[in-house]
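**Student:** Chains as they are written, first to last, in the working numbering: chain A, 1 to 118; chain B, 1001 to 1110.
FYI, nobody ran anything at the bench for these hints, they're computed from the structure.
Positions of the beta carbon are idealized from the N, C-alpha and C atoms, including for glycine.
Errors might be hidden in some of the hints.
As the list claims (entries may be wrong) - Here are the simulated DSBU-like cross-link-like pairs (lysine-lysine), alpha carbons at most 35 Å apart as the crow flies: (1) Lys1106/B x Lys65/A; (2) Lys1047/B x Lys43/A; (3) Lys1068/B x Lys1044/B; (4) Lys1047/B x Lys65/A; (5) Lys1033/B x Lys1068/B; (6) Lys65/A x Lys1068/B; (7) Lys1044/B x Lys1033/B; (8) Lys1068/B x Lys1047/B; (9) Lys1106/B x Lys1068/B; (10) Lys1047/B x Lys1033/B; (11) Lys1044/B x Lys43/A; (12) Lys65/A x Lys43/A; (13) Lys1106/B x Lys1033/B; (14) Lys1033/B x Lys65/A; (15) Lys1047/B x Lys1106/B; (16) Lys1044/B x Lys65/A; (17) Lys1033/B x Lys43/A; (18) Lys43/A x Lys1106/B; (19) Lys43/A x Lys1068/B; (20) Lys1044/B x Lys1106/B.
What the hints assert, rightly or not - Some chain A residues judged to face chain B by a derived CB distance under 10 Å, without partners named: (21) Ser35; (22) Leu45; (23) Gly50; (24) Thr61; (25) Ala97; (26) Gln100; (27) Tyr103; (28) Thr104; (29) Asp106; (30) Trp108; (31) Gly109; (32) Gln110.
Claimed, not checked - Output of the computed footprint for chain A on chain B, the stretches with three or more beta carbons under 8 Å from beta carbons of chain A: (33) 1031-1039; (34) 1050-1059; (35) 1085-1098; (36) 1102-1109.
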Amino acid sequence: EVQLVESGGGVVRPGGSLRLSCAASGFTFHSHGMSWVRQVPGKGLEWVSGINWNGGSTTYTDSVKGRFTISRDNARSSLYLQMNSLRAEDTALYHCARDQSLYTFDIWGQGTMVTVSS
Amino acid sequence: QSALTQPASVSGSPGQSITISCTGTSSDVGTYKYVPWYQQHPGKAPKLMIYDVSNRPSGVSDRFSGSKSGNTASLTISGLQAEDEAVYYCSSYTSSNIPIFGGGTKLTVL
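Using the sequences and the hints, build the whole thing.
**Tutor:** Pasting the structure below:
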């Protein structure tokens, strides 16, 4: 079964850090670009960051540039998001998603919740 | 880059057809074919329903169709069923080499 399972979310104070992980299974991980997409509960989707198949190219939405770092380990079929200098506005459910082609996401994980609060 | 513009809500009766619009600019929807639509039921992950403006992934009902004219893309659902009640999001690749999403449209099946 093709699936993505996120982990690593939690409650963190403003200015703190978290590292999210996404474990992929059921498909050839290294053949696909991957992204993180977040969603404030009850609100819409916001793309956060993307990485190409070999990790050689990464992109970020403006609000997280310089604070978040996306990476991947193809040997472990895993995607990561290192989040530093967290702000209250980063509070959201973070989904990892498989890129079918140029940011069309055909497989999504259920998400891991990140809450930034003092 | 601003979000794509979608109506907040649409509704229809079982068996009817509805269309959801998604308006962008010449920097996104108007230029690129990479316009997907996603369906999201409460508490669930989004599901890809349409890709490249008008293509359906395997397993998606042919009641779902997509189109584009100028800077506006559209999702049409024909023969509405109760299970279609969900939030629908459009998205587009952009000239900034990143994607943007629409704000989402809640479909209510009356």
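**Student:** Against this structure, judge whether each hint is valid.
**Tutor:** Structure-based check of all given hints:
{"no.": "1", "hint": "Lys1106/B x Lys65/A", "in the structure": "holds, 31 Å"}
{"no.": "2", "hint": "Lys1047/B x Lys43/A", "in the structure": "holds, 16 Å"}
{"no.": "3", "hint": "Lys1068/B x Lys1044/B", "in the structure": "holds, 27 Å"}
{"no.": "4", "hint": "Lys1047/B x Lys65/A", "in the structure": "holds, 27 Å"}
{"no.": "5", "hint": "Lys1033/B x Lys1068/B", "in the structure": "holds, 9 Å"}
{"no.": "6", "hint": "Lys65/A x Lys1068/B", "in the structure": "holds, 32 Å"}
{"no.": "7", "hint": "Lys1044/B x Lys1033/B", "in the structure": "holds, 27 Å"}
{"no.": "8", "hint": "Lys1068/B x Lys1047/B", "in the structure": "holds, 20 Å"}
{"no.": "9", "hint": "Lys1106/B x Lys1068/B", "in the structure": "holds, 20 Å"}
{"no.": "10", "hint": "Lys1047/B x Lys1033/B", "in the structure": "holds, 19 Å"}
{"no.": "11", "hint": "Lys1044/B x Lys43/A", "in the structure": "holds, 13 Å"}
{"no.": "12", "hint": "Lys65/A x Lys43/A", "in the structure": "holds, 22 Å"}
{"no.": "13", "hint": "Lys1106/B x Lys1033/B", "in the structure": "holds, 24 Å"}
{"no.": "14", "hint": "Lys1033/B x Lys65/A", "in the structure": "holds, 27 Å"}
{"no.": "15", "hint": "Lys1047/B x Lys1106/B", "in the structure": "holds, 15 Å"}
{"no.": "16", "hint": "Lys1044/B x Lys65/A", "in the structure": "holds, 28 Å"}
{"no.": "17", "hint": "Lys1033/B x Lys43/A", "in the structure": "holds, 26 Å"}
{"no.": "18", "hint": "Lys43/A x Lys1106/B", "in the structure": "holds, 11 Å"}
{"no.": "19", "hint": "Lys43/A x Lys1068/B", "in the structure": "holds, 25 Å"}
{"no.": "20", "hint": "Lys1044/B x Lys1106/B", "in the structure": "holds, 14 Å"}
{"no.": "21", "hint": "Ser35", "in the structure": "holds, 8 Å"}
{"no.": "22", "hint": "Leu45", "in the structure": "holds, 4 Å"}
{"no.": "23", "hint": "Gly50", "in the structure": "holds, 7 Å"}
{"no.": "24", "hint": "Thr61", "in the structure": "holds, 7 Å"}
{"no.": "25", "hint": "Ala97", "in the structure": "holds, 8 Å"}
{"no.": "26", "hint": "Gln100", "in the structure": "holds, 7 Å"}
{"no.": "27", "hint": "Tyr103", "in the structure": "holds, 4 Å"}
{"no.": "28", "hint": "Thr104", "in the structure": "holds, 4 Å"}
{"no.": "29", "hint": "Asp106", "in the structure": "holds, 5 Å"}
{"no.": "30", "hint": "Trp108", "in the structure": "holds, 4 Å"}
{"no.": "31", "hint": "Gly109", "in the structure": "holds, 6 Å"}
{"no.": "32", "hint": "Gln110", "in the structure": "holds, 5 Å"}
{"no.": "33", "hint": "1031-1039", "in the structure": "holds (count 4)"}
{"no.": "34", "hint": "1050-1059", "in the structure": "holds (count 3)"}
{"no.": "35", "hint": "1085-1098", "in the structure": "holds (count 5)"}
{"no.": "36", "hint": "1102-1109", "in the structure": "holds (count 3)"}
Hint compliance for this structure: every hint is met.
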